[in-house]
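J.: From first to last, the protein sequence lines stand for chains A and B. If you count by our numbering, then the first sequence holds residues 320 to 660, one letter each, in order. If you count by our numbering, then the second sequence holds residues 320 to 660, one letter each, in order.
Any given hint might turn out to be false.
Identical copies go unnamed one by one, so any copy, or any two together, can satisfy a pair.
With a straight-line Cα cutoff of 30 Å, these simulated DSBU-like cross-link-like pairs (lysine-lysine) come out [to be verified]:
1) K653 to K394
2) K504 to K463
3) K463 to K588
4) K535 to K585
5) K504 to K394
6) K584 to K535
7) K367 to K510
8) K584 to K504
9) K585 to K367
10) K510 to K584
11) K463 to K584
12) K444 to K367
13) K510 to K585
14) K504 to K367
15) K367 to K588
Just so you know, the hints here were simulated from the structure itself, not pulled from any lab data.
Number of protein chains: 2
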Amino acid sequence: MPELRHDPIQRRWVIIAAERGRRPSDFLQEVIPTASESCPFCEGNESKTPPEIAAIRNGTRPNQPGWEVRVIPNKFPALRIEGDLGREGIGAYDRMNGVGAHEVIIETPQHSLNLADAPLEHIHKVLRTYRERLLDLLRDQRFKYILIFKNHGTAAGASLTHPHTQLIATPVTPLTLAEELNSAKDHFREKERCLFCDLIRQELESGERIILATDKFVALAPFASRFPFEIFIAPRQHHHSFAEASDDMLHNLGMVLKEVLLRIKKCLKDPPYNYLIHTIPNVRVRPRRASYWDTIEQDFHWHIELIPRLTQVAGFEWGTGFYINPTAPEEAAKYLRETEI
Amino acid sequence: MPELRHDPIQRRWVIIAAERGRRPSDFLQEVIPTASESCPFCEGNESKTPPEIAAIRNGTRPNQPGWEVRVIPNKFPALRIEGDLGREGIGAYDRMNGVGAHEVIIETPQHSLNLADAPLEHIHKVLRTYRERLLDLLRDQRFKYILIFKNHGTAAGASLTHPHTQLIATPVTPLTLAEELNSAKDHFREKERCLFCDLIRQELESGERIILATDKFVALAPFASRFPFEIFIAPRQHHHSFAEASDDMLHNLGMVLKEVLLRIKKCLKDPPYNYLIHTIPNVRVRPRRASYWDTIEQDFHWHIELIPRLTQVAGFEWGTGFYINPTAPEEAAKYLRETEI
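Sequences are here, hints too, so could you generate the full structure?
T.: Structure, rendered in structure tokens:
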């Protein structure tokens with residue numbers, strides 16, 4: 320059973336997934352991009368994966384060919400769906416069982432399709448699948464947070480090249496999200512306005528860091544970007560939950576996401592990247608401080624963080640949480656805006 | 320001039336070092352390990368670096384051959400030593416000038432020496448140089464924190480292969496350090512004991528995560544290690560400041576560091592790694608809350624964080640500050656203890 324452990328110094332939780340059992344020699348192997356014939360995510364190889372959780376199919380049977388988007392449990396999950404949390408203290412430490420969900424959303428049956436090049440209607444289906452999985456997992460009271468993230472390219476952590484997104488549901492709210500929730504809440508308490516709405520308004524007025532804007536979404540290079548060409552995508556109007564986004568919103572998001580992915584693909588020569596959805600935690604899970612969540616629909620604003628992986632993160636960054644970015648966000652936004660697609 | 324920018328959502332500072340001027344095409348170049356003849360850190364090539372700040376020499380003249388350890392300003396500094404902070408608000412954002420120090424400590428004149436293989440007396444000289452640079456820079460009232468860190472191997476962020484350590488002095492306390500200072504302070508307030516001393520005592524009693532222990536230092540795999548084979552090195556007795564470590568302590572630390580580096584070199588086949596010294600901030604800099612620092616000598620405990628870079632950090636980690644570690648720290652400690660060196 321994987322385990323969650325709490326570090327009392329940096330006050331963060333870590334998943335110890337020792338069943339993945341990496342011995343010293345295991346780290347010396349290179350990741351080899353899987354050829355299409357042996358790829359478990361390819362159409363026709365459905366039997367190589369655990370049975371599917373969900374899929375978009377046109378009348379075909381589960382775990383058979385004939386799907387457009389397919390969701391499966393991760394074969395080597397970092398967290399397990401069964402069991403209780405079993406929280407306990409070990410002297411000064413805290414631990415709990417590694418209970419959670421770890422799923423893979425296979426974005427397309429085509430092994431070599433770049434999501435940037437997928438038809439808009441298909442991207443819309445991928446985004447709707449994200450939403451359906453969120454809605455399903457939010458019903459589980461053990462899960463406090465559900466993170467949806469995509470690793471594109473081995474340098475971004477993808478171990479299989481077939482386009483896919485991952486989902487991890489955790490019994491704790493991750494540190495970075497907790498910090499975002501806290502700063503949004505502090506801002507709202509003081510000003511009775513959403514922090515994100517304020518920043519988006521200021522960015523749209525200045526324009527210098529905007530990459531693109533539709534009537535519903537904005538994509539921009541954050542003022543204090545940690546990484547070169549980092550991108551922030553959010554709805555222009557206040558909205559707290561990706562799980563509650565309408566079809567219309569997701570369709571518009573698809574347009575923005577496709578254009579952003581095309582721009583970084585062209586401008587930065589198909590770089591490795593990660594994107595992540597930051598949405599509200601599972602507010603039905605209210606362990607101690609119910610009042611804490613009372614304004615969450617007003618103060619939090621869901622968004623997507625997209626990070627091209629262009630630089631090696633060095634000791635300075637790891638040791639401090641303090642980043643050195645060699646490209647001004649204004650320059651990054653300008654390069655991306657001016658890229659012809 | 321580099322700039323420091325504050326992110327109001329994640330409440331962290333970022334260095335925008337746009338003078339390093341990375342355009343999209345600059346990120347596509349591979350880092351090429353420098354050959355010894357053209358290496359600016361090699362003996363005989365002193366004229367290829369900015370003039371030295373300090374050196375351990377046996378009577379030879381500055382910026383000439385004949386040194387054992389040499390300290391120079393970084394040729395492409397992320398922060399600049401001249402000027403005022405110039406703090407200002409830009410709408411909802413905060414910025415200040417990128418004032419700070421960025422130095423390189425060249426550990427040896429030998430291009431291909433692995434620090435693990437250096438004689439103990441030489442490692443002691445490197446550690447004493449760290450201390451001298453700290454003591455010198457702590458006198459500058461503009462600097463709140465001085466971070467000393469080493470990147471070994473290109474995958475760990477080293478752009479030159481010649482053994483070197485870097486030092487960055489910043490006008491803000493980095494996020495991770497601030498969190499450590501806060502948790503240490505909270506623990507002390509409640510219990511009037513040092514958090515680190517408590518954890519070290521518990522670890523020495525259990526023994527299962529100990530890699531090695533001398534009469535003065537302990538090296539262990541932290542209970543909630545973020546990374547496989549992560550190592551924590553600290554004095555066994557309470558002590559708050561690396562800058563105030565005695566020669567005797569540094570000599571003992573040299574023994575421990577050498578053995579740890581030899582063990583990871585042998586066990587993990589000379590992996591890329593980072594290490595970082597976490598010491599107290601510049602307590603002479605007390606901008607607003609003087610009382611905050613009143614107990615810092617009692618509550619903080621300096622230490623070194625060492626991270627072999629064995630896995631790609633993926634989207635999940637970036638987006639959440641929440642890590643998945645595939646190797647139990649107890650296993651890592653056992654492998655390292657049992658490695659024959």
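J.: Now tell me, hint by hint, if it's right for this structure.
T.: Taking the hints in turn, this is what the structure says about them:
1. K653 to K394: between (41 Å within a copy, 28 Å between copies)
2. K504 to K463: both (18 Å within a copy, 28 Å between copies)
3. K463 to K588: Result: close neither inside a copy nor across copies, 37 Å intra and 40 Å inter.
4. K535 to K585: Close inside one copy (24 Å), not across copies (56 Å); limit 30 Å.
5. K504 to K394: neither (38 Å within a copy, 42 Å between copies)
6. K584 to K535: within (23 Å within a copy, 53 Å between copies)
7. K367 to K510: neither (54 Å within a copy, 54 Å between copies)
8. K584 to K504: Neither: 36 Å inside a copy, 47 Å across copies.
9. K585 to K367: Answer is neither; intra-copy 34 Å and inter-copy 37 Å both fail.
10. K510 to K584: neither (39 Å within a copy, 54 Å between copies)
11. K463 to K584: neither (34 Å within a copy, 40 Å between copies)
12. K444 to K367: within (23 Å within a copy, 57 Å between copies)
13. K510 to K585: neither (41 Å within a copy, 57 Å between copies)
14. K504 to K367: Neither: 45 Å inside a copy, 52 Å across copies.
15. K367 to K588: neither (32 Å within a copy, 34 Å between copies)
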